[in-house]
Amino acid sequence: MSTAKAFLARLRREIETHPAVNHLFLNRLATSPFARQDYRVFAENHYPLVCVFTHYLERLLVRAPDSEAKLWLAKVLVDEYGEGSEGKDHSTMYARFLSSAGGDPAQIKAGRVPRPAFEFISEHRRIVSEAPFLEGLGAVGPGHEWAIPKMFEAVIPGLRRAGFDEQMMAYFTLHVEQDDDHGNWLEEALERYAGEPLAQEQIRRGALASLEARYRFWEGVQREIVLYRQPRSVRQDGALPRRLLHEVLLTAWDAVPGAHRLERSARSLRARLRPTLTDVLRQTHEI
Amino acid sequence: MRILLVMPTPFENGRLGLENVVWLSEPVALTSIAAAAGAEHEVRVLDLRLEPEDALARELVSFEPDLVGTTSMTTDVYQALAVLRMARQIVPKALTVVGGHAATLQPGVFDEPYVDVIVQGEGELTFRELCDAWGQQREQGDRRFPAITGLRYRDADGQVQKNPKRQQTKALDELPPPNRKLLARYKGRYFFTVARNMASIFTSRGCSFDCNFCAIWEFYERRTRYLSADKIVDQMLACDEPFVFLLDDNFLTSKKRILALCDELERRQVKKFWMTQGRTDFVADNPEIMARLAKNGLVGLLSGFESNDDDNLAALRKKNTWDKNIRANQILRELGIFATGIFMVRADWEKHQFQALYDYINTLEIGIPLVTILTPLPGTQLYRAYQNQLMTTDLRLFDLLHAVLPTRLPREEFYAEFARSIVATKESAHRAIKNTLVNRPDFTRAAAKNFAWFFARTWRYQAIHSNPESFLRDEQGLLNGPGARAGLTYADVQYPDGQEHAPQAEAEPNAGESRGQLVRLRIPHRIWTDELPQAEPARESAMGAE
Numbered sequence: 033m034s035t036a037k038a039f040l041a042r043l044r045r046e047i048e049t050h051p052a053v054n055h056l057f058l059n060r061l062a063t064s065p066f067a068r069q070d071y072r073v074f075a076e077n078h079y080p081l082v083c084v085f086t087h088y089l090e091r092l093l094v095r096a097p098d099s100e101a102k103l104w105l106a107k108v109l110v111d112e113y114g115e116g117s118e119g120k121d122h123s124t125m126y127a128r129f130l131s132s133a134g135g136d137p138a139q140i141k142a143g144r145v146p147r148p149a150f151e152f153i154s155e156h157r158r159i160v161s162e163a164p165f166l167e168g169l170g171a172v173g174p175g176h177e178w179a180i181p182k183m184f185e186a187v188i189p190g191l192r193r194a195g196f197d198e199q200m201m202a203y204f205t206l207h208v209e210q211d212d213d214h215g216n217w218l219e220e221a222l223e224r225y226a227g228e229p230l231a232q233e234q235i236r237r238g239a240l241a242s243l244e245a246r247y248r249f250w251e252g253v254q255r256e257i258v259l260y261r262q263p264r265s266v267r268q269d270g271a272l273p274r275r276l277l278h279e280v281l282l283t284a285w286d287a288v289p290g291a292h293r294l295e296r297s298a299r300s301l302r303a304r305l306r307p308t309l310t311d312v313l314r315q316t317h318e319i
Numbered sequence: 198m199r200i201l202l203v204m205p206t207p208f209e210n211g212r213l214g215l216e217n218v219v220w221l222s223e224p225v226a227l228t229s230i231a232a233a234a235g236a237e238h239e240v241r242v243l244d245l246r247l248e249p250e251d252a253l254a255r256e257l258v259s260f261e262p263d264l265v266g267t268t269s270m271t272t273d274v275y276q277a278l279a280v281l282r283m284a285r286q287i288v289p290k291a292l293t294v295v296g297g298h299a300a301t302l303q304p305g306v307f308d309e310p311y312v313d314v315i316v317q318g319e320g321e322l323t324f325r326e327l328c329d330a331w332g333q334q335r336e337q338g339d340r341r342f343p344a345i346t347g348l349r350y351r352d353a354d355g356q357v358q359k360n361p362k363r364q365q366t367k368a369l370d371e372l373p374p375p376n377r378k379l380l381a382r383y384k385g386r387y388f389f390t391v392a393r394n395m396a397s398i399f400t401s402r403g404c405s406f407d408c409n410f411c412a413i414w415e416f417y418e419r420r421t422r423y424l425s426a427d428k429i430v431d432q433m434l435a436c437d438e439p440f441v442f443l444l445d446d447n448f449l450t451s452k453k454r455i456l457a458l459c460d461e462l463e464r465r466q467v468k469k470f471w472m473t474q475g476r477t478d479f480v481a482d483n484p485e486i487m488a489r490l491a492k493n494g495l496v497g498l499l500s501g502f503e504s505n506d507d508d509n510l511a512a513l514r515k516k517n518t519w520d521k522n523i524r525a526n527q528i529l530r531e532l533g534i535f536a537t538g539i540f541m542v543r544a545d546w547e548k549h550q551f552q553a554l555y556d557y558i559n560t561l562e563i564g565i566p567l568v569t570i571l572t573p574l575p576g577t578q579l580y581r582a583y584q585n586q587l588m589t590t591d592l593r594l595f596d597l598l599h600a601v602l603p604t605r606l607p608r609e610e611f612y613a614e615f616a617r618s619i620v621a622t623k624e625s626a627h628r629a630i631k632n633t634l635v636n637r638p639d640f641t642r643a644a645a646k647n648f649a650w651f652f653a654r655t656w657r658y659q660a661i662h663s664n665p666e667s668f669l670r671d672e673q674g675l676l677n678g679p680g681a682r683a684g685l686t687y688a689d690v691q692y693p694d695g696q697e698h699a700p701q702a703e704a705e706p707n708a709g710e711s712r713g714q715l716v717r718l719r720i721p722h723r724i725w726t727d728e729l730p731q732a733e734p735a736r737e738s739a740m741g742a743e
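Line by line, the protein sequences give chains A and B.
Counting with the working numbering, you get residues 33 to 319 for the letters of the first sequence.
Counting with the working numbering, you get residues 198 to 743 for the letters of the second sequence.
Simulated from the structure, these hints should not be mistaken for laboratory data.
Note that the structure is a prediction, hence the values are computed from the model and not measured.
Some hints here could point you the wrong way.
Said to hold, decoys possible - Output of the computed footprint for chain B on chain A, the stretches with three or more beta carbons under 8 Å from beta carbons of chain B:
(1) 57–69
(2) 282–296
Stated by the list, open to error - For each label pair, taking beta carbons as the anchor points, the in silico distance ranges come out as:
(3) A:297 / B:366: 58 to 66 Å
(4) B:427 / A:185: 30 to 38 Å
(5) A:138 / B:255: 34 to 42 Å
(6) B:343 / A:260: 22 to 30 Å
(7) A:113 / B:239: 47 to 55 Å
(8) B:420 / A:298: 40 to 48 Å
(9) A:185 / B:385: 36 to 44 Å
(10) A:95 / B:308: 46 to 54 Å
(11) A:223 / B:343: 28 to 36 Å
(12) A:294 / B:239: 27 to 35 Å
(13) B:338 / A:223: 28 to 36 Å
Stated by the list, open to error - Covered, in the sense of this in silico footprint (three residues per stretch, anywhere, with C-beta under 8 Å from a C-beta of chain B), are these stretches of chain A:
(14) 44–52
(15) 254–263
Yeah, the Cβ is synthetic: ideal placement off N, Cα and C, and Gly gets one too.
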């Protein structure tokens, strides 16, 4: 096996076993009967990612050093645009899913981008604009194309269980099939670049940065669903036990009359600092 | 061989639930089978209740286990499945195994392609044999285990094969003690109320009573088996922790064995504070034994008081009375034993019944009155009686905090009554806490540093529990789903009245009439659901309909 092939095989394995791709939240979606209301929250958070994705590719296309890379990016872009056929571009397909879950795509576009999505988008905008080209390729290439089919395989059974029909969930089923193609095209394209240790390092760094952002994104989406169900959640301590002082201060804060109203206002103020999805799309175009 | 045993979280982090607030005990089921697996294997235990969400994926990648096992109670089923699904994704060559209560009593919910083996019943010996067999077969990837009793597995065609049931181990002393060293990294994290830095052990298994809302006796086939007094004390002394929870299903059974344990505790001068679970009728009938237990370190008792109504207790086949509950509470109070009492409201209750229960609790001195909702848990007689009258089959809602049967009051009002249980019973709690502080100064001193910590957590939990919206939002979109019967009302549900097994009720028409229509609840001779031919189709339709 050539050095590039061996590296790509290792990277593929690393991606497929990454905590972001196998997040417990995704496995929970596969095994637990979440309701349409939960999927609405899921979709409202996920929709901005779908809308913005093509802009990463466009940005990389501009920065691509040669025609081989440009060709691969263009092929994927054509697929993402839905080859011009109306209603088949990916954000439109996702909007259909969002609507069937009870959400309103127009409202999401006009509204502030939810925090988990905003952080994910910001990190990817940074990678495709500021990091070396191969890092960007690692992020949108292996970091997406090798990860998405596996992640969506976990999402699909839950959607079926919640009563979404094949048309409503077409975005997800398409990506399990289509991204396998993208992944294979990508592997061919990457083989050209991945022969040198520095290039390998850049591709891997980009892929892992994307996956770390994805991990935080799934954490955030799960948190949003829990908060939707229980606006005053238990605030479990998880991995690290809180210190007594922290525990007491937290409780004292919770006991302050109007504390939760204040928290909500602060959240809403923080949200106002984030752009709307329409702004994000415009800014990304401008970049 | 490398073995990873995983304790799943009970729900997604942050959701409503008593676990992590009032009680978090060691995963003894896992440390027990870890000990049984044998020293030749490298075993790790991962307690996801105390880990970040990425811990499992990282452990699977770094440890590369040959076998991944998990355990499950009813509410954890989806989480246990998620654990095994993830294991199959990351280490596809590893054998995936589930055991425990839910796997035994509703194995059908684990019939998934990524679950290789379901261990039913007591797991130690089955697991030991499974590890040996897999050690020899894993190179060939042969996941068939036709010779091991007590398990189900998938054959090469994906068909589920059910092996014969395993006989229970007769003497618990023959089993190795749980391997608590595997929990070293979680030391100090387990607790029951203010008893933090707590160890957990068991001294008996099973219960000889046959309450129709409980599946413990069905799991253990209505037998109780005991660890000998010296083995119990060996285990207690092996714990560094000042507090020990004896996880027995019903500790207060054999007087002879309790007295033997007291002798042994005294002979070996054990100075531990310990808590356990037991029935109030034993307490009421044996005050002198309770006094001796208190003298030997018993500081807390968790009991099912269940109801303020003898008819209701009879309906639950509790074989106990209101008077005995009151007498038991008085004895516990006098001895300074902190009482945690479980009570049940019913979905068909009206407002005055809630109030009557809360008033009753306030006449007692229960430190933590846990008011729950009577729930037909899978594996119980109640479940078999009501499986066609459920409003949901989402097992997360079978957590005793949600009404899975139709309520008589509008659900908003039902939960409004239920939600005020903590506030409405605080009088009882305050008196009990004060009493324990005064009467058990040694325990008070030992646990003092945890008081602020515990009260902070429970205060926050109370704020959530006291809001009916917490329950309503939790069940939004999850009622009337697959497997549930649409359009049910409370009038469709006939509650048992305890006379189901009394032939004289039929012979005396007047007695029958006064108690309304009877529900026939059968006590099976053979127990687990999949061994009951007539229970199988109903279970599949109700629980396996995803």
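- Item | Violations among the numbered hints, reported as their numbers in ascending order | Hints 4, 6, 8, 11 and 12 are the ones this structure does not satisfy, whereas the remaining hints hold.
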